[in-house]
Amino acid sequence: MTPLETFAQNSGELLALPPIYHEIKKEMDNPQATIQSISTVISKDEQLAACLVHIANSTLYGFSSRIEDIPEALQIIGVGQMKDLALMMSIIKTFKSIQIQTVSSTEFWSHSIACALASKEVAALVHGRDMERFLVGGLLHDIGRLVMYTKLAYEVVDIVKECRNKCEPDCVVENRILGFNHADLGGLVMEKWKIPITYVEMVSYHHQPDLAPSATIETAIVHIADFFACACEFGNSGEIYVAPLVTQVCDKLNIQEKAIPELLQRIYDSGCEIIPVLLSL
Amino acid sequence: MLIVKVTELKPDQILSDDIKHEGQILLRKGAKLTASIIKTLISRGVEKVSIVEPKRKIGCNPNLSIPPAIAEKAHAMVDKRFIHNHTNAQHPMIINTKEFCYWLTIDHMLQRGEI
Chain A
0 MTPLETFAQN SGELLALPPI YHEIKKEMDN PQATIQSIST VISKDEQLAA
50 CLVHIANSTL YGFSSRIEDI PEALQIIGVG QMKDLALMMS IIKTFKSIQI
100 QTVSSTEFWS HSIACALASK EVAALVHGRD MERFLVGGLL HDIGRLVMYT
150 KLAYEVVDIV KECRNKCEPD CVVENRILGF NHADLGGLVM EKWKIPITYV
200 EMVSYHHQPD LAPSATIETA IVHIADFFAC ACEFGNSGEI YVAPLVTQVC
250 DKLNIQEKAI PELLQRIYDS GCEIIPVLLS L
Chain B
0 MLIVKVTELK PDQILSDDIK HEGQILLRKG AKLTASIIKT LISRGVEKVS
50 IVEPKRKIGC NPNLSIPPAI AEKAHAMVDK RFIHNHTNAQ HPMIINTKEF
100 CYWLTIDHML QRGEI
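Chains A and B are the protein sequences, given in the same order. Under numbering that gives the first Met the number 0, the letters of the first sequence match residues 0 to 280, in that order. Under numbering that gives the first Met the number 0, the letters of the second sequence match residues 0 to 114, in that order.
There may be inaccurate statements among the hints.
Unchecked claim - With a Cα cut of at most 16 Å, we get these calculated EDC-like pairs of lysine to aspartate or glutamate: (1) A:43 - A:26; (2) B:79 - A:167; (3) A:191 - A:26; (4) A:25 - A:83; (5) A:257 - B:106; (6) B:97 - A:83; (7) B:97 - A:157; (8) B:79 - A:238.
These aren't lab readings, by the way, just hints derived from the structure by calculation.
Work the whole structure out from these sequences, hints included.
Dropping the structure here:
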């Protein structure tokens, strides 16, 4: 049994997805569901519904006309994308209240949201389609850290000390001390949540995108997005140093050098607009 | 060269107290340096205009001037955060990202009143 499997077996439930997400997903996956029935489920959480409409009207989507309510958002943005947005928001809302000592919750989620926005921007440049699914991968890329902070608090103190003393990235030190790192742990959490495998790979391999078994491009996008999010300094998920960039993988995405400054600026501007909205949940 | 802190961008709102000592004009986010503002500054004794715009949008401006000690401090802070990228430090993605981070660091210094 690997150290990660041993940890998972002895730790009980790592993190539970919020009930509202299950309700929304169930209704959205129901072939008999209508826009109205999905809207009714989402509207059970008024704060979530209001925030969804706010985000639907933000520059994240850039629609010229104003979206007034959830039914309209579902029609314009699409049920699949709204499911991802609902997942994002319900996760932030639920886990934002978890008390952690290593880093403030606001800092942690600011960085996670920044990575989500950066993933979407990089995906827009590289893919030009299906960008919304990258929001989820980016948002959850460090979810394993949250488990570490709550279940392995003492070990995390040693990890942070060693990172500082030896000037090493935390995932290297985590591997040495625990036998696994936060990305591995995040992937495990995602598997338990039965989140699609592409998302699992985005999280599990976000520091080693070259090792992703199938979702290589998607994982590379989150990898670069994490790097950009760190550069934008929106919060901090607990890392001392910016994790190394696997440039061989980045080269495969063929991002032109001249596009990088503008890309970073877009991520920064988007973060300034969206992060406060999502943190208000 | 005089330092001018432009806290409001209409010329009539630039106060003489804002003109302190050598340095730069600080443009707030979303601000535009208009010809009339430059004229006002010149009328107040500014000999040379250098622009530092928060959020680094002005990063490629050839007139940009940061005091060497501040630039050195900002570079050191960025280098420390990106310490593990020394093996591929010349990759365009790393160079450009560090450059962005450098301007953001400068901006944070401005906001904290360190410059």
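Here is how each hint holds up against the structure:
1. Between residue 43 (chain A) and residue 26 (chain A) the alpha-carbon distance is near 13 Å, which keeps this suggested pair within the 16 Å criterion.
2. Of the supplied pair hints, the one linking residue 79 (chain B) and residue 167 (chain A) holds, its CA atoms being roughly 11 Å apart against a limit of 16 Å.
3. For the suggested pair residue 191 (chain A) and residue 26 (chain A), the alpha carbons sit about 20 Å apart, so the restraint of at most 16 Å is broken.
4. Under the criterion of a C-alpha separation no larger than 16 Å, the hint pairing residue 25 (chain A) with residue 83 (chain A) is consistent with the structure, at around 13 Å.
5. Using a Cα cut-off of 16 Å, the hinted pair residue 257 (chain A) and residue 106 (chain B) is violated, with the two alpha carbons roughly 22 Å apart.
6. Under the criterion of a C-alpha separation no larger than 16 Å, the hint pairing residue 97 (chain B) with residue 83 (chain A) is inconsistent with the structure, at around 32 Å.
7. With a CA separation close to 29 Å, the supplied pair residue 97 (chain B) and residue 157 (chain A) exceeds the 16 Å bound.
8. Distance hint between residue 79 (chain B) and residue 238 (chain A) is fulfilled; the C-alpha atoms sit about 13 Å from each other, no more than 16 Å.
Hint compliance for this structure: hints 3, 5, 6 and 7 are broken, all remaining hints hold.
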